[in-house]
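Take a look at the letters that make up each chain.
There are 2 protein chains.
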Amino acid sequence: MGRWTPDARGRLAQAAIELYAERGFEGTTVADIAERAGVTERTFFRHYADKREVLFAGSTAMQDAVLAAIAAAPEDATPLAVAGDGMRAAAALIDSAGGDFPRRRSAVIAANPSLQERELLKLAALATASGGALRARGVPEPAASLAGQAAVGAFHVGFAQWIAGPADATLASHVEQALATLPTLA
Amino acid sequence: MGRWTPDARGRLAQAAIELYAERGFEGTTVADIAERAGVTERTFFRHYADKREVLFAGSTAMQDAVLAAIAAAPEDATPLAVAGDGMRAAAALIDSAGGDFPRRRSAVIAANPSLQERELLKLAALATASGGALRARGVPEPAASLAGQAAVGAFHVGFAQWIAGPADATLASHVEQALATLPTLA
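The listed protein sequences correspond, in order, to chains S and L. For the first sequence, counting from 1, position 154 maps to 154 in the UniProt record's numbering; every step adds exactly one. For the second sequence, counting from 1, position 57 maps to 57 in the UniProt record's numbering; every step adds exactly one.
Bear in mind the hints are in silico, worked out from the structure with no lab data behind them. Heads up, a few of these hints could be off.
Unchecked claim - Label-pair distances were calculated between CB atoms; the ranges are:
#1 S:30 with L:177: 41 to 51 angstroms
#2 S:164 with L:116: 40 to 50 angstroms
#3 L:30 with S:116: 34 to 44 angstroms
#4 S:68 with L:30: 44 to 54 angstroms
#5 S:169 with L:42: 54 to 64 angstroms
#6 L:7 with S:60: 43 to 53 angstroms
#7 S:71 with L:68: 34 to 44 angstroms
#8 L:42 with S:122: 12 to 22 angstroms
#9 S:141 with L:122: 20 to 30 angstroms
#10 S:99 with L:177: 21 to 31 angstroms
#11 S:177 with L:76: 34 to 44 angstroms
#12 L:177 with S:92: 48 to 58 angstroms
#13 S:92 with L:57: 24 to 34 angstroms
#14 S:122 with L:165: 20 to 30 angstroms
This structure is a prediction, so every number in the text was calculated from the model and none was measured. Cβ atoms here follow ideal geometry from the backbone N, Cα and C, with glycine treated the same way.
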């Protein structure tokens, strides 16, 4: 196997998630990951800043998808419907990638408190950014921030249910159910 | 001034928050705090495990108040009303303490990323615990978790507005406004 391959990034992610499950996140080195993926450490560092970034590299694309969907939502949609479109876009992104990476990633994160903290921070940042995108559409405060928080909360709950539930369900269906439940709570 | 005083804990908290504002959280030592409060370091450690705990010691009492209020809410209340009662109890606890500690604390936390992380983790734990308390009342999933997330999100937004707004407003009034806005978002 040559050192260069167009799918080195994907192989590195797959190798990393396998090793984190086998040896734990702390017990895995970048050298281990590169070896399992059949590439050099240098190749690893061309794709990821460190072994933690393998788990969080998708956050930027997810936030971009959320903010684009919020900006593109129908003009007359309610704040929650607009923020919900952001969460639908995030779920669609994860569903379209397919494979078991998200589930395995969740198991690794659940086993490591500092990774859990980082995951919560990413969600908090997504809620804040979503609130900002709603303000940019003219939604006043506190409605903009509240809709961002509520929609990300629904995503969080839908995601947890998806991970815990049968493997053939889509994340989108769980997020949709959570978003649909929100207005029934009051 | 004697080494023992019935209000050593309060004086330590006040001294700490002053020093964190003057010298930064990182630039302040336990020895500095004890000296300013007129007590020994040993007295500091009888009250707080470390200098960070001065800022987060109130979290346990707040979570206890929230969970007690959720358990005591009227039987026929909606999930959001029940979770909202939890947030009202948290706001009342902070308002009843009075003084400028919460505002000064927020400024210290805003200036330090690792303290911000801890604050977000405390809020995430509060949302999870609130969802659990709703389940214990018989609220099904995903409604229980969603109501916990949405109510804590409203508390978070109300708190931020309270900190940013005029000093004579109560936290309770901002939290109430945020809770009242939630059902209008959809």
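Hint check results:
no., hint, result
1, S:30 with L:177: 41 to 51 angstroms, "holds, 49 angstroms"
2, S:164 with L:116: 40 to 50 angstroms, "violated, 29 angstroms"
3, L:30 with S:116: 34 to 44 angstroms, "violated, 28 angstroms"
4, S:68 with L:30: 44 to 54 angstroms, "holds, 48 angstroms"
5, S:169 with L:42: 54 to 64 angstroms, "holds, 57 angstroms"
6, L:7 with S:60: 43 to 53 angstroms, "holds, 49 angstroms"
7, S:71 with L:68: 34 to 44 angstroms, "holds, 42 angstroms"
8, L:42 with S:122: 12 to 22 angstroms, "violated, 41 angstroms"
9, S:141 with L:122: 20 to 30 angstroms, "holds, 23 angstroms"
10, S:99 with L:177: 21 to 31 angstroms, "violated, 44 angstroms"
11, S:177 with L:76: 34 to 44 angstroms, "violated, 25 angstroms"
12, L:177 with S:92: 48 to 58 angstroms, "violated, 34 angstroms"
13, S:92 with L:57: 24 to 34 angstroms, "violated, 43 angstroms"
14, S:122 with L:165: 20 to 30 angstroms, "holds, 28 angstroms"
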